[in-house]
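Enquirer: Sequence:
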Amino acid sequence: MDVTKTSNGERGTGNGERGTGNGERGTGNGERVHSVLKFFTSNEQVEGEGDASEKGIGFAFMQEGQPVTYASRSLTKAEQNYSKIEKELLTQVFGMEHNHQYVYGRKVTLWTDHKPLEIIAKKPLAAVPKRLQRLMMRLTQYDVEIKYRRGPEMFLVDTLSRAYLPQEHHPGKADQEVERIHSTLKATSLNGWPSQRKELLPELHEYFKVKDKLATQDYIIFKGPKCVIPKSIRPKIKEKLHRSNIGIRSCLRRAREVVYWPNTNREVTEIISKCETCNTFQSAQQKEPLICYEIPQHPWEKIGCDIFTFNNQDYLCTLDYFSDYFEIDELRKSKTGATVIGKLKKRFVTHGIPDTFHSDNGPPFSSNEFSAFAAMYEFEHFTSSPEYPQRNGKLDNAVKTAKSLIKKFAITNSDFQLVLLDWRNTPTEGMKSSPAQRMFSRRTRTLPPTSKKLLKPHLVKGDVVHMKPQASDGKQRWTKAQVEQQVDVRSYAIRTEDGRLFRRNRRHLRLSKEPFMPKDGDIEIPTPILNSPPTKASTETLSG
7 MDVTKTSNGE RGTGNGERGT GNGERGTGNG ERVHSVLKFF TSNEQVEGEG
57 DASEKGIGFA FMQEGQPVTY ASRSLTKAEQ NYSKIEKELL TQVFGMEHNH
107 QYVYGRKVTL WTDHKPLEII AKKPLAAVPK RLQRLMMRLT QYDVEIKYRR
157 GPEMFLVDTL SRAYLPQEHH PGKADQEVER IHSTLKATSL NGWPSQRKEL
207 LPELHEYFKV KDKLATQDYI IFKGPKCVIP KSIRPKIKEK LHRSNIGIRS
257 CLRRAREVVY WPNTNREVTE IISKCETCNT FQSAQQKEPL ICYEIPQHPW
307 EKIGCDIFTF NNQDYLCTLD YFSDYFEIDE LRKSKTGATV IGKLKKRFVT
357 HGIPDTFHSD NGPPFSSNEF SAFAAMYEFE HFTSSPEYPQ RNGKLDNAVK
407 TAKSLIKKFA ITNSDFQLVL LDWRNTPTEG MKSSPAQRMF SRRTRTLPPT
457 SKKLLKPHLV KGDVVHMKPQ ASDGKQRWTK AQVEQQVDVR SYAIRTEDGR
507 LFRRNRRHLR LSKEPFMPKD GDIEIPTPIL NSPPTKASTE TLSG
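Each residue of the sequence shown is one higher than the one before, starting from 7 at the first, in my numbering.
Source of the hints: derived by calculation from the structure; they are not laboratory data. Be aware that a few hints might be false.
[Said to hold, decoys possible] Restricting the straight-line Cα-Cα distance to at most 20 Å, the calculated cross-link-like pairs of lysine-lysine (PhoX-like) are:
1) K217 - K246
2) K341 - K409
3) K90 - K44
4) K519 - K486
Working from the sequences, and respecting the hints, build out all of it.
Expert: Printed below as a string of structure tokens:
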């Protein structure tokens, strides 16, 4: 029922007077009060009026005589048994807490039509009855002054207290849980936390690890600046966190700032991982850990091939994984399996057949024709997943280099084969050798003047060689051995697989790509010191 309306629908005051038509109401004594709410203004004084009836209370928060907010509610059965002064004080507490965002930190004048309340509010807290003490303690957070005003002048709140809004409070599961945990936490904090988790009540077990960071305010539990969320409302909070579908990481960052409950990260991640929208539009996956393949033991043992296009021309890049040496072939007519096989056969004639062959899963390499070619030439063929060039990162980098060389060649209009030759003889960054040296164990001649000494292959410790048979040995076969060290400019100390040590001139040694397999139980024979002339003892053990 709207008590401000008359029988003809116009706003009235309850005493027969009609409204003025401009949002004001008569008071019966010539005064007018606005019935339209005004906006709150921070630079104006604030005041409140409260009144209590037998079964309800009403409060009006006002500025400059105009209401900012109205509030009313019914009294519970227990509150209906309060005395008159207790009901009047309860009204003021209700009004201040209802308008907390407006009145906190401000000087507020509270008007009441109960004269004893003005008097008792000026007494010390210890001098008032217990129930009034509890109500007045709730007002201590505000800067208030309670004053008396005649009842006829407070018709607005008198009407609100009589036409109160029914309030049937049925606490839900979440409210009951919060109330139980709040009271238990408060009691535990006052009495002191036990030293062991098992001594606590079950509902407090999950808070034991953060007990020193918990605090309560306005019946809300906080862990630092974060609000502690009860179990019963966690599903709703997770839905609100995920409402915008901003992704797992963003939701977790947002949740860590404002809310807390044990296992927050796991529960938020779980609910987002089941979201169809997020899974459909999620970003690329995190890069997988880098897998390093086994380094080949000799050149052309492991090679890779890729077809790339530059300026509408297709090319075939063939890379040796040991030396970084690559070959470039133009695919003029087509890039079918037959064309690629023809180019590879020419490379195999020059460098030999590899042990393993790596490529993508494109049509030329996934065809039955190429599978038959791999079986005939007896090499293993490995392919990568589509649209995943990282699988052959070394090959992808070689293609990038080849494109760069072709682009520069097109601009300078030079001889591309000379460009490729210069690149192959350029030492690799971070290494002392070039791709040609690692491939052929020697430099290849280029246009810049080069000493003949640099064009000859040289041996280093660990190289596998074949030793020319000596006439005094009575053998006709070259013997496999391994370089121990360089004794002189062209003289090397080498050891055979059966453990014998020899000294030979570079002319009598031929570099080999075979693995060196020494026999067990070899007898160590002293090796001559580098750059020192052979001693008498060493010449006895070194033949030739």
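Enquirer: The structure should be examined with respect to each hint, and the outcome stated for every one.
Expert: How the hints compare with the structure:
1. K217 - K246: violated, 27 Å
2. K341 - K409: Distance of about 18 Å is within 20 Å: holds.
3. K90 - K44: Roughly 31 Å between the alpha carbons, so the hint for K90 and K44 is violated.
4. K519 - K486: Answer holds: K519 to K486 is near 11 Å, not above 20 Å.
Comparing the model with each numbered hint stated earlier shows that hints 1, 3 do not hold.
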